[in-house]
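Number of protein chains: 4
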Amino acid sequence: MNSEKVAVVGASGYSGEELVRLLIRHERVELVALTSRQHAGLRLDAVYPKFAGQRYAGLPFIESSVDAITGSGARVVFLALPHGVAAEFARPLVAAGLRVIDLSADFRIKETAIYEEFYGEVHHAPELAALSVYGMPEIYRESIRSSQLVASPGCYPTSIILPLYPLLKRGLIDPKTIVISSMSGVSGAGRTLKTDYLFAECNESVRAYGVPKHRHLAEVEQELSNAAGIPVTVSFTPHLIPVNRGIHTTTFASLAPGVLAAQIGEALEAAYSKEPFVRLLGGTLLPDTKHVTFTNFCDIAWRFDSRTGRIILLSAEDNLVKGAAGQAIQSLNVMCGWPEGTGLL
Amino acid sequence: MNSEKVAVVGASGYSGEELVRLLIRHERVELVALTSRQHAGLRLDAVYPKFAGQRYAGLPFIESSVDAITGSGARVVFLALPHGVAAEFARPLVAAGLRVIDLSADFRIKETAIYEEFYGEVHHAPELAALSVYGMPEIYRESIRSSQLVASPGCYPTSIILPLYPLLKRGLIDPKTIVISSMSGVSGAGRTLKTDYLFAECNESVRAYGVPKHRHLAEVEQELSNAAGIPVTVSFTPHLIPVNRGIHTTTFASLAPGVLAAQIGEALEAAYSKEPFVRLLGGTLLPDTKHVTFTNFCDIAWRFDSRTGRIILLSAEDNLVKGAAGQAIQSLNVMCGWPEGTGLL
Amino acid sequence: MNSEKVAVVGASGYSGEELVRLLIRHERVELVALTSRQHAGLRLDAVYPKFAGQRYAGLPFIESSVDAITGSGARVVFLALPHGVAAEFARPLVAAGLRVIDLSADFRIKETAIYEEFYGEVHHAPELAALSVYGMPEIYRESIRSSQLVASPGCYPTSIILPLYPLLKRGLIDPKTIVISSMSGVSGAGRTLKTDYLFAECNESVRAYGVPKHRHLAEVEQELSNAAGIPVTVSFTPHLIPVNRGIHTTTFASLAPGVLAAQIGEALEAAYSKEPFVRLLGGTLLPDTKHVTFTNFCDIAWRFDSRTGRIILLSAEDNLVKGAAGQAIQSLNVMCGWPEGTGLL
Amino acid sequence: MNSEKVAVVGASGYSGEELVRLLIRHERVELVALTSRQHAGLRLDAVYPKFAGQRYAGLPFIESSVDAITGSGARVVFLALPHGVAAEFARPLVAAGLRVIDLSADFRIKETAIYEEFYGEVHHAPELAALSVYGMPEIYRESIRSSQLVASPGCYPTSIILPLYPLLKRGLIDPKTIVISSMSGVSGAGRTLKTDYLFAECNESVRAYGVPKHRHLAEVEQELSNAAGIPVTVSFTPHLIPVNRGIHTTTFASLAPGVLAAQIGEALEAAYSKEPFVRLLGGTLLPDTKHVTFTNFCDIAWRFDSRTGRIILLSAEDNLVKGAAGQAIQSLNVMCGWPEGTGLL
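Chains as they are written, first to last, in the working numbering: chain C, 1313 to 1657; chain D, 1313 to 1657; chain R, 1313 to 1657; chain W, 1313 to 1657.
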């Protein structure tokens, strides 16, 4: 069995930590470098006591320099950096011939103007954004296989795009009627030191945020527009709920004229019945985040609201796995020609 | 200051318990009877240790018989009983001249056929449903004042109807576009012994339920139709989240043709700026359930999603207070001519 | 009924916020000043949206200056400041003739050397520490009544001292055998911005801290030594658990020679059967923090472990109420000659 | 690489479910039978939606009959049954030559009288209890290797015995002074339908239970007595805290006369420095359940309380993994001669 040397850049946030957790168990990956400005010089298990006694426990964090990364022998590099920083970092790595899987938003948005509108900053490597592949294997598997730069999707977008994509592709729903309500666990906010994310401020609390124009709309609408073949604009409200992990998304849309509800199920079956990480729940069960946390699955159910003519789509995933580190590793598996579930099942 | 003798029937669930918690602090209420089939003969503090050392700690539960209740001298009776049972119980109390505030669904639905469609049972006192007043003081204050039978609203409906009512009344939104996504704490499920509600099944879990036709739609649509003057049908998905108390509702609707977003704020201000228990949050804050739990407030904010032409309404309340016991006591205050915040502020 | 003008200094932490929450409902208190360096100029409800629509919602925060406080007309001042700062602040207030109830540790420890050993800082007003009264009404009610400076007890100490004091006073347990294990909700850590207190670091987590020499040992041992009449040294381990509010303490101690287990119950009954805020649970129930949160009660149970000759004492309180703001208000009620439960029941 | 055919009997509780979760990932195990009276006939993923899309998702539950199990070809059987039932079930399996790993208490206690004292029932297979091996590899590895019947330890006992065993073995602490305070997540109560375990009764709640004589004391004292060579009796108080998984134990004991604190560290190092699943945390870190949940590790730290001469031991584990299913699989690995971390690291 072939294996690959891999680096994780910026392993001090929740996504980077989760990448490490998953890569420890990945039998074809050799983790050769971990970088973090903050933790350079420390062993992995000194920074994350939970990794003590496991593979790579003694691997030292190094400075996040391009030379150090290329010098480590890594052939694939995961970037778990803030947006903006990631773009700057990716350019020399790509130039050096390494393959890059970026978990930030920097390469997800094809149109620089839209990136700059939603993220409020100048893009540092627009030419790479144009070359990158959106790392959702269920849609872009073939392009990911040969890509040198994969833009791994955001957590909310994964839970939103997966159920909607095949429906828009087939014209089954009216794109102007799409309304999305999501809930995310607090790890989605990262290890940010803000009063809002203290335990006693989040526990026994639920609140919306980012209303009405959350940044993730940029990639959501890009992909939904790709599916529909016309520009799609949607309403989206995310909510913060007191769980560590998990995103649940409920999406409402009117059936397109003349479409039968059963066609929804057929389209989802056609798209996902052979996918290893999308589970269609059928007519009895509804998604529950506790069934997907610590896994790379996205669970999807749908119901027809005959009283209003709307389809209600329900999806659940682990924001740190299928919504971040797991999906990035799924792309790695595709890129390396390994079985897609390697290290993930 | 006048006071009133009050009974609570069925004080073994969360709503009944919350009624007692609030009535202990209500300076004009004399609690003269507590009934519960299950707990008859026990002192209040033997059933609920948290009430030890407080007013009424020694009050014994009695059997839920009509004679016992009328014999207690109670002039107002709160019914905290399952639907179906409540209707049977209310009839003799009303006949005996007592005033009844029912927390079940039995008298909320004016049309018996709709009640029977949504609740799947024959209605036991349809003539009383026709006479009852829907106990939302912000809308029906004058009728509540003189009513003998108040049907206190459901928890989800309160959080849904309050923001939408004034907008539909003024024709500001398109009733056909209303989509509602709510989240409720687990106390909303009552003290029901089901595996689904065990701690280890709810903690670190989020899930939708009752899709697409939750029972509360019956009263929601009745009231929204009243507001709009035409039949209104909406889509509604409730979700269970791991908090004890609190409901958060996010509602999406398209502006009616020709309406300006600013009119939404004006309508909400006109309706609620003088209401003691509705707080409009303005343009900076969004509702957070932690600001309303253990209070009778419903917090409301709105945002205009200019990209889609939709209004997004956000509301939060404590499902056991404004969504149940607190709102029932607010009706009591109205019925008795007391300041509406008595015992609630 | 007489009333009193009161100020809260440092109302930006959880204890200060809880003082406000409780004082809003206190019918004999007129809140005339709220201070906070951070929030000066803002209305109460701008800082704490949860207080909107309530009494004092519009009260502005002012700078924490002594002149401003004395100028407000306040006769009693609550200090909710960090230790060290409180001592400096108290001196001019006391000199100006105001009565001060300090929620910090600054005046709890009578011996300056012990304060400085445990808190690692020079004491700024040792002469006041000597004059102050430890604000636990169950023990020092008479001294509190006439005191000008009350040192309100710490959260852990309240839950530890209350069950042990009467037993040590009567010589029923061997002071050398006392071992204490406590658990606290995260609000006990204050609104401190540390990674350790982020939601995703506390939820689904339990950990000990401050082992083996937590600062609260200073006041615990001072009071237990007072009770025993000899120096008492104990082992104490606090743990952080994922709840917002609540402390649970389990204390183990061997019966003194010749003592019968029944004498434990008698001593507790003698000490507390008439106390408004200590509830003895008898032989069936054990304390549960959910029965005391949002109240000023401390619940206590005890069991005899006949296999080892040890007494096991169990106690529960709300760390923000009986463990902080509530007990401070209980002292206020004592100082003002009001019924002790005023505003607290 | 050799593999083994394995059955799980009684896979409807949390321990059985966790066994399945772990065995799915165990590369040397072939799961040939899953039994459950309640679920017989259903596929694994119909009972546990979280296992859909994974290995064994389609495996049907069968009736819990001995014939069916032996007929499945299983050579090793995990029993995840209530105590009492397990003993009856084990006898014919052992007689049929199968190897049995029992997760109940039935074979943990060597003395039938003690079992019957603590469990209040007649023992159904005392002759097997005498033959069984207590399944804690760190202590009984050699006996487990060749055992036909392994009694896998309880959750609390694992967290208590591991830190204390080497200290008692070397006579470093005074056995008469041992006091233990533990906290467990709610999954420890199993999928029991009791009001006490409903979400809204456990969340924002902490409480002790089983005071003063919890059943787990039977096995704890048996093993501590083995270590000490004299009968050891301890005080133990367990507490229920609102997490799904995790046990934290804090143990207090006085140093034996003449012992130096440093010897504690040496004894723990000598016992555990080469153990794959015991991690000694050194002088800086303290155990945190979030570092061990979903792993088979038990983390241990110790501190010397020089003021009282006591050692404070702190330990953390996942009650469902090292405290149940994981440790049972660790025994399986020992029994089969596989690397002990197989499927667990």
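Hints listed in this document are in silico derivations from the structure and should not be mistaken for laboratory results. Incorrect hints may appear among the rest.
Where chains are identical, the list cannot tell them apart; a pair therefore holds if satisfied intra-copy or between any two copies.
[Claimed, not checked] Calculated lysine to any residue pairs in the SDA-like style (CA-CA distance at most 25 Å, straight line): (1) K1422 - R1349; (2) K1525 - T1596; (3) K1317 - E1578; (4) K1481 - E1433; (5) K1586 - F1430; (6) K1481 - G1522; (7) K1481 - Q1534; (8) K1422 - A1407; (9) K1488 - P1524; (10) K1488 - G1621; (11) K1422 - R1367.
Going through the hints against the structure:
1. K1422 - R1349: For K1422 and R1349, the Cα distance exceeds 25 Å both inside one copy (29 Å) and across copies (47 Å).
2. K1525 - T1596: between (34 Å within a copy, 14 Å between copies)
3. K1317 - E1578: neither (41 Å within a copy, 39 Å between copies)
4. K1481 - E1433: neither (32 Å within a copy, 43 Å between copies)
5. K1586 - F1430: neither (35 Å within a copy, 38 Å between copies)
6. K1481 - G1522: neither (28 Å within a copy, 29 Å between copies)
7. K1481 - Q1534: For K1481 and Q1534, only the intra-copy Cα distance (13 Å) is at most 25 Å; the inter-copy one is 37 Å.
8. K1422 - A1407: For K1422 and A1407, the Cα distance is within 25 Å only inside one copy (20 Å; across copies 68 Å).
9. K1488 - P1524: both (16 Å within a copy, 21 Å between copies)
10. K1488 - G1621: both (14 Å within a copy, 10 Å between copies)
11. K1422 - R1367: Neither way: K1422 and R1367 sit 38 Å apart in one copy and 38 Å across, limit 25 Å.
In summary, the numbered hints that this structure violates are 1, 3, 4, 5, 6, 11.
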